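Position in the sequence shown (first residue = 1) + 203 = the working numbering.
Any given hint could be a false lead.
Listed below are the simulated EDC-like cross-link pairs for lysine to aspartate or glutamate, each with C-alpha atoms no more than 16 angstroms apart in a straight line [stated by the list, open to error]:
#1 272 - 235
#2 277 - 334
#3 277 - 300
#4 292 - 334
#5 272 - 300
#6 292 - 235
#7 348 - 237
#8 277 - 264
#9 272 - 290
What follows is a set of in silico ranges between Cβ atoms, one per label pair, in the way DEER data are often shown [unchecked claim]:
#10 348 - 216: 28 to 38 angstroms
#11 206 - 263: 38 to 48 angstroms
#12 221 - 297: 15 to 25 angstroms
#13 267 - 300: 17 to 27 angstroms
Keep in mind the hints are simulated off the structure, nothing from the lab.
Since we're looking at a predicted model, the values are computed, not measured.
C-beta atoms are modelled at their ideal positions from N, C-alpha and C, and glycine is treated no differently.
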Amino acid sequence: MLNFNLILVTTDLSDYSLRALPYAVGLAERFDADLRVISVNEPALPVSDVAWVSPMIAATDDERATEIKQTLDKLIADQVPRGVRAEAKVLFGNPVDAIVEYARETNADLIVSCTHGRGGLSHVLMGSTAEALVRHSPCPVLTLKQPMTVAAVRKGA
Numbered sequence: 204m205l206n207f208n209l210i211l212v213t214t215d216l217s218d219y220s221l222r223a224l225p226y227a228v229g230l231a232e233r234f235d236a237d238l239r240v241i242s243v244n245e246p247a248l249p250v251s252d253v254a255w256v257s258p259m260i261a262a263t264d265d266e267r268a269t270e271i272k273q274t275l276d277k278l279i280a281d282q283v284p285r286g287v288r289a290e291a292k293v294l295f296g297n298p299v300d301a302i303v304e305y306a307r308e309t310n311a312d313l314i315v316s317c318t319h320g321r322g323g324l325s326h327v328l329m330g331s332t333a334e335a336l337v338r339h340s341p342c343p344v345l346t347l348k349q350p351m352t353v354a355a356v357r358k359g360a
């Protein structure tokens, strides 16, 4: 039987990506799973580009991580029912690498993520985070393109 103990839901905090949260919450409720709401703080300047990172850039990254964590905590307080065990987590680095590594470290059972649905040249130039997650994730990835209703998930239909 299919069972989820830990569900990760990814967000870049855009309105579009936040559409995954209610769906992940519904799954967490249905399977009595733990939920981690995660976002990735990409460094202001890739470490590989410089031998030394100025304290100002490091402070900016730390401040940004704090802001992201506060936003995730507020999302959980506002949108996750009290009965769901949810935690905010800020990861660092390349989004795909950070999410895949975290999924491995935590033995996540499922990743829920929205795809922005880019196609054509935009997709070729920018790539797809969701597509890369699907290819490299150690667990299944549920990608959501359109707004979804979660009533059926919560009711078990």
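Cross-check of the supplied hints:
Restraint check: the Cα-Cα separation between residue 272 and residue 235 comes to about 24 angstroms, which exceeds 16 angstroms; the hinted pair is violated. Using a Cα cut-off of 16 angstroms, the hinted pair residue 277 and residue 334 is violated, with the two alpha carbons roughly 28 angstroms apart. A hinted pair counts as satisfied when its Cα atoms are at most 16 angstroms apart, and residue 277 with residue 300 does not qualify at roughly 26 angstroms. Distance check on the hinted pair: residue 292 and residue 334 sit about 22 angstroms apart at the alpha-carbon level, beyond 16 angstroms; violated.
For the suggested pair residue 272 and residue 300, the alpha carbons sit about 19 angstroms apart, so the restraint of at most 16 angstroms is broken. A C-alpha spacing of about 19 angstroms is found between residue 292 and residue 235, which places the hinted pair above 16 angstroms, so the restraint is violated. Between residue 348 and residue 237 the alpha-carbon distance is near 24 angstroms, which puts this suggested pair outside the 16 angstroms criterion. At most 16 angstroms may separate the alpha-carbon atoms for a hinted pair to count; residue 277 and residue 264 exceed this at roughly 20 angstroms.
Of the pairs offered as hints, the one joining residue 272 and residue 290 holds, with about 10 angstroms between alpha carbons and a cut-off of 16 angstroms not exceeded. In this structure, residue 348 and residue 216 break the distance hint of 28 to 38 angstroms, their C-beta atoms being roughly 19 angstroms apart. Restraint check, residue 206 to residue 263: a C-beta distance of roughly 41 angstroms satisfies the suggested window 38 to 48 angstroms. The hinted window of 15 to 25 angstroms between residue 221 and residue 297 holds, with their beta carbons roughly 21 angstroms apart.
Checking the proposed 17 to 27 angstroms range against residue 267 and residue 300 shows it holds: the Cβ atoms sit about 18 angstroms from each other.
The structure does not agree with the numbered hints 1, 2, 3, 4, 5, 6, 7, 8 and 10 stated previously, though it agrees with the rest.
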